[in-house]
Every structure is written in structure tokens, then in C-alpha cells.
Amino acid sequence: TRTAIFYAHDYWVGSVSFSPDGKTLASTGIYDKAIKLFDVVAHRHIATLRHSNTILKVSFSPDGKTLASGNTDEITLLDFATRTNTCTLDPAAGHSAWDNRIDLLSFSPDGSILAAASPTSTIALWDMATRTRIKRFPNEHQIVALSFSPDGSILASGQAGGDVYLWDVKGQKQQIGGCDHAGEISSVVFSPNQDFFVTAGTDGEVFLWDTDTQETVAILAQISPVAAVSFSPTQNIMVSSEEGSQLFLWDMSEWLGGSPPTLPKTSGGADNPVIVQTLSEQTADSSDDSSDDSSVNVRATSDLTADTAYEVTEAKLKHGVGVALYLSSTYEYEPSIESIPEAVTVSGIPGVTVFGWGRLSDRRLIVDIGFSGDLDSDAVLTFTVAADAIADYDGPPFSAQIPVTASQENALTPNFPNPFNPETYISYQLAEPSEVTLTIYALNGQVVRHLVQAHQAAGAHEAYWDGRSAFGQPVASGVYFYRLTAGDFTATRKMLIQK
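Just so we're aligned, residue 5 is where the sequence shown starts under this note's numbering, counting upward by one.
Note that these hints are calculated values from the structure, not bench results.
These numbers come from a predicted model, not from an experiment.
The calculated DSS-like cross-link candidates involving lysine-lysine, where the alpha carbons are at most 25 Å apart (straight line), are:
no.	residue 1	residue 2
1	LYS37	LYS498
2	LYS69	LYS139
3	LYS322	LYS498
4	LYS69	LYS37
5	LYS174	LYS69
6	LYS27	LYS37
7	LYS174	LYS139
8	LYS69	LYS27
Just need the whole structure built from these sequences, with the hints factored in.
Listed below in C-alpha cells is the structure:
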């Protein structure tokens, strides 16, 4: 449940960090050259710390006494109690490859070491007692994630290309191991017992790795890009977030030991749901042997799971929805599934059709569906995977279901494709007729182009962007934002152009 809104900065918020006691929130604005501090309990602004340059990252030390900020030139260490600058660290000193920008900051768990990463693939470590740089670790690509192990002995770095490197911090050695996530990484984090680490990516998958061997232990699949992952320090729970405004809670007791956590089946509400996933193998079999020869004997078990990036509504279904069908670890899809007639069928709502599917991995299938009718009430879609679409399997078909709501709501969905070059489509729906604006913004908050400025009817809509500014010029590669305003409703999403 949302408890407060802090109106912090004039432009995009670039970074936030809680103090260890959870009472203070620090935030940075991309272009207002300031750190703002908020009292979380009283819900009020308590201080603004000005700087001469753009501040990109901010991070509290584990003891809460130091607030580190990274900008386009240097790292500043502030005494949090007095709000004064105690030290300035120059990452570029004696190192021409550093491009004077701090993309990431991370303290070791005991606060003795501060790690910083630049977009030119370099990690620098500082001893916080002496304020001296002690080591540099070179990477091959841009570093997008940093994480210390719980004992501080290992530093994991995730790269834009999907590689993860593990570095021996105490021995100040080069790479001690690594792995390939396969997709672009968004987050890296260690388990509380340090036996495992997790990588999350824009490919919609979360990988669990063995820290010692760097071998894959498990793959946790989601349908849309995963923004971040985090472990609970007290329970065997891991949470992952995705672009569809959903949080997934994972039962990790199989690997972390101890008792399974007590979790609610769902919480968070329709707009920001928390979906509980139990990450363990299940073998329930509820085949119905009472059906006659003319009916299909469907095996409705946990062996097949259907998932979508967001709650499916009638309006979204009419525009087209991608549904991920996951098999349990016991089974795999046939490599030639695309050529098998009626490998996947859908039922439950007349007018819903399957217009394509693709095998993304051994156990992951994406099915594209559309809808040409009208719903009078909420309904359920059933997806059936034929037996010959499953490798080395001759039993009854598998099935899984997703609900579809007939009521309309305001929604701004992820653009597709994303990343893209040079064009993309932005879909949204309106609960009622509204004055609509859909605008593209650059990272600095400047307007790039207005795509929609019109009164529109309720229902599903789609806007096309060719990657050009209002003046017809192709925009540069990088991160952009698009914002939908319809009446009192406002939503903003992020997209990436890669050329």
C-alpha cells in the first residue's frame, strides 16, 4: 500500500537510498545538482544538499554515518550528522580510462570498502579508513550492477552484455569466476548464506547460481523484464520485480535450508499485485479418466503454468497479449514445436485466436493471442498444449488458465519492441473518454516529441514512434521515457533505443 509521495525534484529522480535505520530517505535529481533528505516517519523534507555538478548516485554506509554521492567528476563523502563534506575521491586520478562519471556505488557490508563503477567498464575500490584507492577491476563491457557478498569477500559485477564476474576483494585478485546470464542483466545479488547469487535480466528470467562453481542451479522465469531482485534477511524469501508493476515472492527454502516461509497467496491489489511463486518441483496429477472418447482428457497440473506481464483485460486482449507457458523441470518442449499443427490451442472465450507462438527455451513458450469479440462479464482463458508438442511424452495434454476482466481501466503498457531500433509501438487503454497526451522525454526531462494530443474514446489505443524528434531528426541511442496523461490519470514508463 502506498503511504506517501515525496515531491522531491524538478527532473527525473536518478537514485534513492534508505539510511540503515530506515528513518531517512536520500534522493538525487538527474539535473538539479542536489541531494534531498526526507524524514520517512514524519513524511517531510528535512534538508537539501547542493552540489556543483550533476549527482547520479547516492548510497548510505552500513553504519549510517556516511552518505556517498557520485557525480560526473568525483565521489563525495558527507558526514550525515553534520551534513558536511569530509572527503572527495577522484576516480580518474592516474587512470585515463575512467570517463569521470559514477554509474554505480556500493559499500561492503562492514563499510570498510566502497566500490564505484564507470560506464567505461572499470570498477574502483576505496579503503574507507584511509580514503585511498586500493584496487581497480577491469570489465569488458558497461557495468550495470554491483553487489558485495554478505561477508564482503566477493564483489559481483553484472555487465550489459550478460556476463557476470566475481572478484576476490580481500585478496585484491582478478576474476575468480564468472557466468553468462544469456540476456542483458539488470540486477545481481547474493543469498544471505552466500552459497548462491542471483542474476536478473531484461530477458524475463532470474538465474540462481552456485557461488563456488558458478554453475546454474535454477532458472526462475517471468514474462517481462526483471528490474530488481532482493533477499529477505530473516526468511527464505526472494522478491523480484518486473515492468508490469508486479512483485514475485519466491520460496527459496529448498536451497537456503530451513522451513518454508508463510506467505499470502496474493496481496498488493490489482494495480500492484504481489504474486507468490513456490520454487520447487511439484508432481500432482489430476487426470480425469471419466471423460468419454469424444472429449479431451486434459491434465491440469502444476506441470504447465501460464503467465502474463500484467493483468489481462478485455481492452488489452483486443490489442493483443503475449502469454508465457512454462513447463515444470520434468518436461521440455519439442524443438520443432512451431511446425506442429495445433500444438497450442486456446478456449474459454469465443473470438480469441492464437496468431503465433515461439519456443524461447526448453521449457518456455510465448503465445500471442488476440480477441475480436465483446465480453459481458469476466471470463477465463484455458491454454492447452498437445502431447506431441512435449518431448518424450505420450500422456494427456497439459493445460493452464489465466483470468480476463471485462471491466476497463486506465493503463499504460510496456512499449514493444524494447529495446528497439528505430521504431516502437506504445499501447494504452482508457477507462472513459478523455483528453489524452502521450509525450516522449529525454533523460534530462526535455520533451522530445508529443505523439498524442487529442480527445479519445474509451478502450484500447496504440501510438507509433519512429525514433525521431519533433523536428524530424533521428534521436541518439539511450534511455527515454514516455508519459501518458488522461484526465486525472498519469503513468510513465522507460524505453531504450539501441543502434
